[in-house]
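Protein chains: 2
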Amino acid sequence: MKSLFVIKIGGNVIDNDRELPQFLDNLAALQSAWILVHGGGKLATDLSARLGIETQMIDGRRVTDKATLDVVTMVYGGLVNKRIVAGLQALGINALGLTGADGDLIRARKREHPTTEYGFVGDVERVHAERLGSLLESGFLPVLAPLTHDGQGNMLNTNADTIASEVASALARHYDVQLMYCFEKQGVLRDVSDETSVISRITSALYAELRTSGAIAKGMIPKMDNAFAALKRGVSSVIIAHADSVRLLGEGFSEGTIIVLD
Amino acid sequence: MKSLFVIKIGGNVIDNDRELPQFLDNLAALQSAWILVHGGGKLATDLSARLGIETQMIDGRRVTDKATLDVVTMVYGGLVNKRIVAGLQALGINALGLTGADGDLIRARKREHPTTEYGFVGDVERVHAERLGSLLESGFLPVLAPLTHDGQGNMLNTNADTIASEVASALARHYDVQLMYCFEKQGVLRDVSDETSVISRITSALYAELRTSGAIAKGMIPKMDNAFAALKRGVSSVIIAHADSVRLLGEGFSEGTIIVLD
Numbered sequence: 527m528k529s530l531f532v533i534k535i536g537g538n539v540i541d542n543d544r545e546l547p548q549f550l551d552n553l554a555a556l557q558s559a560w561i562l563v564h565g566g567g568k569l570a571t572d573l574s575a576r577l578g579i580e581t582q583m584i585d586g587r588r589v590t591d592k593a594t595l596d597v598v599t600m601v602y603g604g605l606v607n608k609r610i611v612a613g614l615q616a617l618g619i620n621a622l623g624l625t626g627a628d629g630d631l632i633r634a635r636k637r638e639h640p641t642t643e644y645g646f647v648g649d650v651e652r653v654h655a656e657r658l659g660s661l662l663e664s665g666f667l668p669v670l671a672p673l674t675h676d677g678q679g680n681m682l683n684t685n686a687d688t689i690a691s692e693v694a695s696a697l698a699r700h701y702d703v704q705l706m707y708c709f710e711k712q713g714v715l716r717d718v719s720d721e722t723s724v725i726s727r728i729t730s731a732l733y734a735e736l737r738t739s740g741a742i743a744k745g746m747i748p749k750m751d752n753a754f755a756a757l758k759r760g761v762s763s764v765i766i767a768h769a770d771s772v773r774l775l776g777e778g779f780s781e782g783t784i785i786v787l788d
Numbered sequence: 527m528k529s530l531f532v533i534k535i536g537g538n539v540i541d542n543d544r545e546l547p548q549f550l551d552n553l554a555a556l557q558s559a560w561i562l563v564h565g566g567g568k569l570a571t572d573l574s575a576r577l578g579i580e581t582q583m584i585d586g587r588r589v590t591d592k593a594t595l596d597v598v599t600m601v602y603g604g605l606v607n608k609r610i611v612a613g614l615q616a617l618g619i620n621a622l623g624l625t626g627a628d629g630d631l632i633r634a635r636k637r638e639h640p641t642t643e644y645g646f647v648g649d650v651e652r653v654h655a656e657r658l659g660s661l662l663e664s665g666f667l668p669v670l671a672p673l674t675h676d677g678q679g680n681m682l683n684t685n686a687d688t689i690a691s692e693v694a695s696a697l698a699r700h701y702d703v704q705l706m707y708c709f710e711k712q713g714v715l716r717d718v719s720d721e722t723s724v725i726s727r728i729t730s731a732l733y734a735e736l737r738t739s740g741a742i743a744k745g746m747i748p749k750m751d752n753a754f755a756a757l758k759r760g761v762s763s764v765i766i767a768h769a770d771s772v773r774l775l776g777e778g779f780s781e782g783t784i785i786v787l788d
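Sequence lines, in order, name chains A and B.
Residue numbers for the first sequence follow this note's numbering, so the first one is 527 and each next one is one higher.
Residue numbers for the second sequence follow this note's numbering, so the first one is 527 and each next one is one higher.
Derived by calculation from the structure, the hints in this document are not laboratory data.
One or more hints might be untrue.
Same chains, same names: a pair is fine if it fits in one copy or spans any two.
Claimed, not checked - In silico lysine to aspartate or glutamate, DMTMM-like type, Cα no more than 25 angstroms apart, as pairs:
1. Lys636 to Asp543
2. Lys758 to Glu656
3. Lys592 to Asp572
4. Lys568 to Asp585
5. Lys528 to Glu663
6. Lys568 to Asp591
7. Lys744 to Glu777
8. Lys592 to Asp543
9. Lys592 to Glu777
10. Lys592 to Glu545
11. Lys592 to Asp551
12. Lys568 to Glu735
13. Lys744 to Glu656
14. Lys636 to Asp649
15. Lys528 to Asp591
16. Lys758 to Glu651
17. Lys592 to Asp751
18. Lys592 to Asp702
19. Lys568 to Asp770
20. Lys528 to Asp717
21. Lys744 to Glu638
Bear in mind the structure is a predicted one, so any value in this text is a computation, not a measurement.
Please build the complete structure, drawing on both the sequences and the hints.
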């Protein structure tokens, strides 16, 4: 099977005028095919503030009323996505910016929660792996914004980590997929205040232990859950590392944290 | 050669909550392949106003400073494009939303003008017809926002009428292309205050005459110039008509104004 990297970058890279070009340079140097999934970062919060729309977060998820949905559709699907695509095209990389609505690539269900009204937040129902594959085979490198649709005309706001995990899993039937979560630290840390405490390898057993001890908490929990979900669905390996580490993909990776089932 | 419609809709349809769904229904009913090019309409001006960014127009072109470029990238590339794409997907149409940066589909040069600083406004240099063709052959129906890029990492604001003409012309080597400009009137009118005065057929000679008499003026001039440019480059016919007339495409068209060379 052909090799494919599914790479997720977060807002901290996108918002950084020095780190984003460096990341795109590294990405452009990769020899294998890839799919990039980007978050939105501070820009959506900034635009909401300028428009007088209050930003409400519950468990790290943005509560998305209609006005906020318009903001994230503009910022994620327009500003951020096209900044990345134009930047990659300037490096000679044939990037193609997409949301889950485009080509019906990622369909989601509006989240129903017994007590919390998340608004226009979507939980992924299915990824159209064949169409993403067809774009890859035509030489396009997809850049996915963290937006899906419900098939009834509504865009939905969907967590970028989840999209990366779902896309990687769906394509694992067709490609040898490695999933990489890029973030601002060197890897998963045993002690969050010590950048040298990177855990190089996490198994299911160790993850259970680290959750119990509280070493893994907060925002890292859904990321780890997404990683294990992808591994269980056929993704070869999941790496959590600093965005700079993307340069090492495909060359025998040696930085950050690798997640394996056991 | 296969038949292809390149259809441009303007802001008046996009901004209208009744007309847009009607237009998308008509589009979804077409049997031939098509490429849709949309304008932006009032939404960009509205967002600029809410953000305290002044909108300046010169000869119907929006002067695009950096802040305005971000606004049009968000509104055209994000909000409007995804509203149309999600609406079409809800009708079972495999729409794919794109800007000129995506897949390097439309590259432009930043406009240099001896006396006017238009800012980030792009004049089309080339359309990647093969890649648009490859998307069509893969079953995607492209929905193009009026945005291009300069190949150096910058998005550029480009007139939607011009994009429609350039795309139609570039694809005329591969398809039998009909170009349709949809707008709010029934066709080109001999008397703008009389909706029944539609001119059914305009040749180069009649156009010269109508310009001299002043019957065709203002915003209609660049539209007509784009129409004739497309005809000279191999497009089979150009139609200027009300958005409702899109339902008649491919059935022996009988509404609006048809433009022919002679």
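Ascending list of hint numbers which this structure does not respect
7, 9, 12, 13, 15, 17, 18, 20
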